[in-house]
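Chemist: Here the sequence shown stands for residues -10 to 314, numbered as in this note's numbering.
Any given hint could turn out to be false.
To be verified - Label pairs and their computed distance ranges (CB to CB):
| id | residue 1 | residue 2 | range |
| --- | --- | --- | --- |
| 1 | Gln225 | Pro58 | 49 to 59 Å |
| 2 | Arg182 | Val55 | 31 to 41 Å |
| 3 | Met211 | Arg119 | 23 to 33 Å |
| 4 | Gly263 | Gly170 | 41 to 51 Å |
| 5 | Val200 | Leu178 | 15 to 25 Å |
| 6 | Glu57 | Gly170 | 54 to 64 Å |
| 7 | Gly271 | Ala167 | 41 to 51 Å |
| 8 | Gly67 | Gln218 | 55 to 65 Å |
| 9 | Val200 | Val108 | 23 to 33 Å |
By construction, these hints were calculated from the structure, which means they are not laboratory data. Owing to the predicted nature of the structure, the values given are computational and were not obtained by experimental measurement. For glycine and all other residues, C-beta sits at the position ideal for the given N, C-alpha and C.
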Amino acid sequence: MDSNQPPSQPQGSNKEWKLIEKLLGQAQAEQRKSRRWGIFFKTLTFIYLFVVLFMLIPGRDGALAVSEPHVAVVDVDGVISADSEAAADLISAGLREAFEADNAKAVLLRINSPGGSPVQSNQVYNEIRRLREKHPEKKVYAAITDTGASGAYYIASAADDIYADPASIVGSIGVIMAGFGLQEAAEKLGVERRVYTAGENKDLMDPFAPVNPAHRQHVQAMLDEIHQQFIAAVKQGRGDRLRVDGHPELFSGLFWTGERALDLGLIDGLKSPGQVARDVIGVDKLVNYTYSPSPVEQLLQRFGVSIGKGLGSSLGLEQYLPDLR
-10 MDSNQPPSQP QGSNKEWKLI EKLLGQAQAE QRKSRRWGIF FKTLTFIYLF
40 VVLFMLIPGR DGALAVSEPH VAVVDVDGVI SADSEAAADL ISAGLREAFE
90 ADNAKAVLLR INSPGGSPVQ SNQVYNEIRR LREKHPEKKV YAAITDTGAS
140 GAYYIASAAD DIYADPASIV GSIGVIMAGF GLQEAAEKLG VERRVYTAGE
190 NKDLMDPFAP VNPAHRQHVQ AMLDEIHQQF IAAVKQGRGD RLRVDGHPEL
240 FSGLFWTGER ALDLGLIDGL KSPGQVARDV IGVDKLVNYT YSPSPVEQLL
290 QRFGVSIGKG LGSSLGLEQY LPDLR
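Taking the hints into account, I'd like the entire structure generated from these sequences.
Modeler: Quick look at the structure:
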């Protein structure tokens, strides 16, 4: 055998090289697939972020700038409270945009609410009157659908004119604060209430204690004061249209149908929101300017309200807030 001739490759070695080449090919194919999936997921993430950013833009239900004459609608829907869609800040934000809209011929409050917080109601009432003075060329109309009672009527009374359906519930000009007396129930269950306070009146309206006459008198005086504020606002808004003489029940907390409310001077006519736009304002097109908070704003608001409710609950005040309902 020639000593200079290279040794021949073993047959097993060729198989190993082919196996290695195959594995390398599969690895390259997997890398290509991974890159494609990476591009896919990056694109999906970009689309997701774009959608989230779009959702985070605060706005209202109406379009952006409306180039044709229209009636600017702002809804007062549901219970009026700081943590609801009928919060004073949200309603006022919609009202400001409605008044400032160039082609809005009038502002229409579309009301369907049983009332709620006297503070929130008064804030909206004052904002309507401020905007009316700032924009005297634009009238404000209130159109009650199912219900415009208590705090909702408080808000409506700031409008130039109020309309309702014949079957609407209107009125309830009064204030309520409710709670429970659990003293006897606790005694029957053998539950001993242990309360420590600093301040002789800090346990006011404790449901596990008998009613203190001085506390009752204090709360009643507070409710009467809020009631008089309510009455004064309605009288200021409605003026001589109210049939006060001969109707002492007007400010008693009673409520009436729209038809009866018209007789009492609580409203000015029997029309739906669409009829007010067409027949009174003379414009068919309605554009909704009701402010809708972004998801982030809603989250932050709920977080803030939850803290407030926690403090109120710890102080024992949560269920005893005055209510215009």
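Chemist: Confirm or reject each hint.
Modeler: Okay, the hints, checked on the actual structure:
1. Gln225 - Pro58: 49 to 59 Å: violated (31 Å)
2. Arg182 - Val55: 31 to 41 Å: At 60 Å between Cβs, range violated.
3. Met211 - Arg119: 23 to 33 Å: With Cβ atoms ~27 Å apart, the hint holds.
4. Gly263 - Gly170: 41 to 51 Å: Between Gly263 and Gly170, where Cβ atoms are some 48 Å apart, the hint holds.
5. Val200 - Leu178: 15 to 25 Å: This hint holds: roughly 20 Å between Cβ atoms.
6. Glu57 - Gly170: 54 to 64 Å: holds (59 Å)
7. Gly271 - Ala167: 41 to 51 Å: holds (45 Å)
8. Gly67 - Gln218: 55 to 65 Å: Given a distance of about 23 Å, which is not inside 55 to 65 Å, the answer is violated.
9. Val200 - Val108: 23 to 33 Å: Between Val200 and Val108, where Cβ atoms are some 26 Å apart, the hint holds.
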